[in-house]
Structure formats: C-alpha cells, structure tokens
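Visitor: One line per chain: the protein sequences are R and X, in this order.
Residue numbers 1 to 114, in our numbering, belong to the letters of the first sequence in order.
Residue numbers 1 to 114, in our numbering, belong to the letters of the second sequence in order.
Since the hints were derived computationally from the structure, they do not count as laboratory data.
Wrong hints could be hidden among the right ones.
A few chain X residues that don't get close to chain R, going by computed Cβ distances all over 10 angstroms [as the list claims (entries may be wrong)]: (1) Met-7; (2) Ser-32; (3) Leu-44; (4) Ser-79.
Below, a list of computed lysine-lysine pairs in the DSSO-like style, where the Cα atoms sit at most 30 angstroms apart [claimed, not checked]: (5) Lys-109(X) / Lys-9(R); (6) Lys-68(X) / Lys-113(X); (7) Lys-9(R) / Lys-113(X); (8) Lys-113(X) / Lys-77(X); (9) Lys-77(X) / Lys-52(X); (10) Lys-52(X) / Lys-113(X); (11) Lys-68(X) / Lys-9(R); (12) Lys-77(X) / Lys-109(X); (13) Lys-109(X) / Lys-52(X).
We put the CB at the ideal spot given by N, CA and C, even for glycine.
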Amino acid sequence: NAGVTQTPKFQVLKTGQSMTLQCAQDMNHEYMSWYRQDPGMGLRLIHYSVGAGITDQGEVPNGYNVSRSTTEDFPLRLLSAAPSQTSVYFCASSYNRDSNQPQHFGDGTRLSIL
Amino acid sequence: GDSVTQMEGPVTLSEEAFLTINCTYTATGYPSLFWYVQYPGEGLQLLLKATKADDKGSNKGFEATYRKETTSFHLEKGSVQVSDSAVYFCALSSGVDSNYQLIWGAGTKLIIKP
Numbered sequence: 001n002a003g004v005t006q007t008p009k010f011q012v013l014k015t016g017q018s019m020t021l022q023c024a025q026d027m028n029h030e031y032m033s034w035y036r037q038d039p040g041m042g043l044r045l046i047h048y049s050v051g052a053g054i055t056d057q058g059e060v061p062n063g064y065n066v067s068r069s070t071t072e073d074f075p076l077r078l079l080s081a082a083p084s085q086t087s088v089y090f091c092a093s094s095y096n097r098d099s100n101q102p103q104h105f106g107d108g109t110r111l112s113i114l
Numbered sequence: 001g002d003s004v005t006q007m008e009g010p011v012t013l014s015e016e017a018f019l020t021i022n023c024t025y026t027a028t029g030y031p032s033l034f035w036y037v038q039y040p041g042e043g044l045q046l047l048l049k050a051t052k053a054d055d056k057g058s059n060k061g062f063e064a065t066y067r068k069e070t071t072s073f074h075l076e077k078g079s080v081q082v083s084d085s086a087v088y089f090c091a092l093s094s095g096v097d098s099n100y101q102l103i104w105g106a107g108t109k110l111i112i113k114p
C-alpha cells in the first residue's frame with residue numbers, strides 16, 4: 001500500500017548543481033503536482049499534470065522542469081540549484097483535477113542548497 | 001485573488017482542552033474548503049472538507065462548519081490528545097475559477113502537552 005513515494009528524503013546540493021526529485025504513485029491517479037513548503041508560507045504549487053504527456057505551470061515554476069511520460073511517475077528537475085530553492089518539496093496525486101478529490105501526499109524531500 | 005488566512009501558531013494546549021483554530025478566506029464564487037493535517041515527518045493528509053455553505057465537515061473528532069456570511073471555516077475539537085500534535089492547514093478551491101488549484105493557508109502548529 002505504497003501510495004505516493006518520494007525519493008530522496010534528504011539532499012544537500014551546491015549552488016549550480018542539478019538534480020531530479022523522484023515521485024511515483026501506484027493509485028492510477030490522473031492528477032499529480034509538486035509543491036514547495038516554506039516556513040510561514042504554506043504550500044505553493046510549482047508544476048502540475050492532469051495526465052501522461054500533459055504538464056502545466058503553477059504559482060512558482062521558475063527554475064524547475066517536469067515531465068510526465070507515464071501515469072505513475074512525475075519527476076521534478078532543478079536545472080541549476082540556487083539557495084532560494086532550499087525548501088521541503090512535496091509531491092501529491094489525486095484521482096483527477098477536481099479539487100474535491102482528496103490529494104494524497106508523499107512524505108517530502110528536504111532539500112538544502114549551499 | 002483568492003486567499004486563506006489562518007491564526008498564527010504555535011498553539012499550545014493541555015490534553016483534554018477545547019481546540020479552535022481560526023481560518024478565514026477570500027474567494028470569488030463558492031469555493032470548497034478543506035482542512036489538511038501534517039504529522040511530524042510526514043506529508044499532508046485530508047482531515048475534512050465542506051463543499052457548500054452551512055456544510056459541516058467532521059473526522060476523528062474534529063469539526064469545521066462552512067460559514068459563508070463570515071467567510072470562515074474554523075477547526076474545532078472538544079477534547080484534544082497528545083497525538084493531535086501536528087501542523088494544520090486550511091485550504092480552498094474555487095474549482096474551475098481557480099483552475100482547480102488549492103490555495104493554502106500558512107499552517108498552524110498545534111502542540112498538546114500531557
């Protein structure tokens with residue numbers, strides 16, 4: 001009963017490095033999204049996908065890329081890490097984009113950029 | 001644009017105390033309202049929701065009533081336990097008007113002392 005799985009749980013990068021945060025769900029959900037969580041700011045939407053092959057930008061997309069080649073996977077790529085991207089990142093999925101559907105969250109990736 | 005305002009934390013209570021966490025919102029149209037909970041080291045999970053005015057959402061002893069006249073969705077519990085210690089997020093969605101995206105409050109940390 002995996003649900004939404006995020007890897008890694010922790011990562012430290014140097015400024016300018018690139019990396020990919022992995023997200024996989026086993027619930028056959030259409031809708032997947034990435035959020036960042038910063039102190040005192042709640043969650044902010046980075047990118048989302050309403051199905052395989054379809055992605056769109058959220059509130060704070062700059063510096064991040066996504067792709068959705070399969071229903072299960074939705075990786076988030078940091079192209080050139082900056083200290084402002086230090087945050088906790090959450091992947092979420094739901095049955096479809098209807099916001100009345102509950103969102104299922106992974107346990108998060110804590111990312112530090114030095 | 002749409003927004004959610006929660007009371008600042010942390011909120012510290014003794015076990016068996018009555019809990020209220022305030023949440024107010026601004027939105028066009030008729031949003032759906034949600035409370036999510038984040039336990040330490042975990043992702044968020046849906047606690048309860050209400051989709052129209054005067055609806056009451058409830059789960060695990062928590063309740064919140066959708067008050068359109070005061071644009072509020074306050075979270076209440078009659079007798080809290082140490083296990084309720086977590087961060088609580090209020091959120092809204094205006095459906096198609098907000099591109100089905102959730103708008104999040106900043107979160108309120110709740111600490112219950114035995």
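Visitor: Compare the distance between the alpha carbons of Lys-68(X) and Lys-9(R) with 30 angstroms, and conclude whether the hinted pair is satisfied.
Guide: violated (40 angstroms)
Visitor: Closest CB-CB distance from Leu-44(X) to chain R, is it above 10 angstroms?
Guide: The claim is violated: Leu-44(X) sits with its nearest Cβ about 5 angstroms from chain R, within 10 angstroms.
Visitor: Closest CB-CB distance from Met-7(X) to chain R, is it above 10 angstroms?
Guide: holds (13 angstroms)
Visitor: Need the status of pair Lys-109(X), Lys-52(X): alpha-carbon distance at most 30 angstroms?
Guide: Holds, because 27 angstroms separates the two Cα atoms, which is no more than 30 angstroms.
Visitor: Given the hinted pair Lys-109(X) and Lys-9(R), is their Cα-Cα distance within 30 angstroms?
Guide: Since the Cα atoms of Lys-109(X) and Lys-9(R) sit roughly 22 angstroms apart, the hinted pair holds (cutoff 30 angstroms).
Visitor: Take a quick look at whether Lys-52(X) and Lys-113(X) sit within 30 angstroms of each other, Cα to Cα.
Guide: Between Lys-52(X) and Lys-113(X) the Cα gap is close to 35 angstroms, so the pair fails against 30 angstroms, i.e. violated.
Visitor: Holds or violated: is the Cβ of Ser-79(X) farther than 10 angstroms from all Cβ atoms of chain R?
Guide: holds (26 angstroms)
Visitor: Between Lys-77(X) and Lys-52(X), does the CA-CA distance stay at or below 30 angstroms?
Guide: With a Cα-Cα distance of about 21 angstroms, the restraint between Lys-77(X) and Lys-52(X) holds, given a limit of 30 angstroms.
Visitor: Within 30 angstroms, alpha carbon to alpha carbon, are Lys-68(X) and Lys-113(X)?
Guide: Distance ~34 angstroms between Lys-68(X) and Lys-113(X) Cα, so the pair is violated.
Visitor: Taking 30 angstroms as the top limit, are the C-alpha atoms of Lys-77(X) and Lys-109(X) close enough?
Guide: Cα-Cα ~15 angstroms, so holds.
Visitor: So Ser-32(X) supposedly isn't at the interface. Is its beta-carbon more than 10 angstroms from every beta-carbon in chain R?
Guide: The claim breaks: Ser-32(X) does not keep its Cβ more than 10 angstroms from every Cβ of chain R (closest is about 6 angstroms).
Visitor: Could you grab the alpha-carbon distance between Lys-113(X) and Lys-77(X) and see if it respects the 30 angstroms cut-off?
Guide: Roughly 15 angstroms between the alpha carbons, so the hint for Lys-113(X) and Lys-77(X) holds.
When held up to the earlier numbered hints, the structure conflicts with 2, 3, 6, 10 and 11 and fits the remainder.
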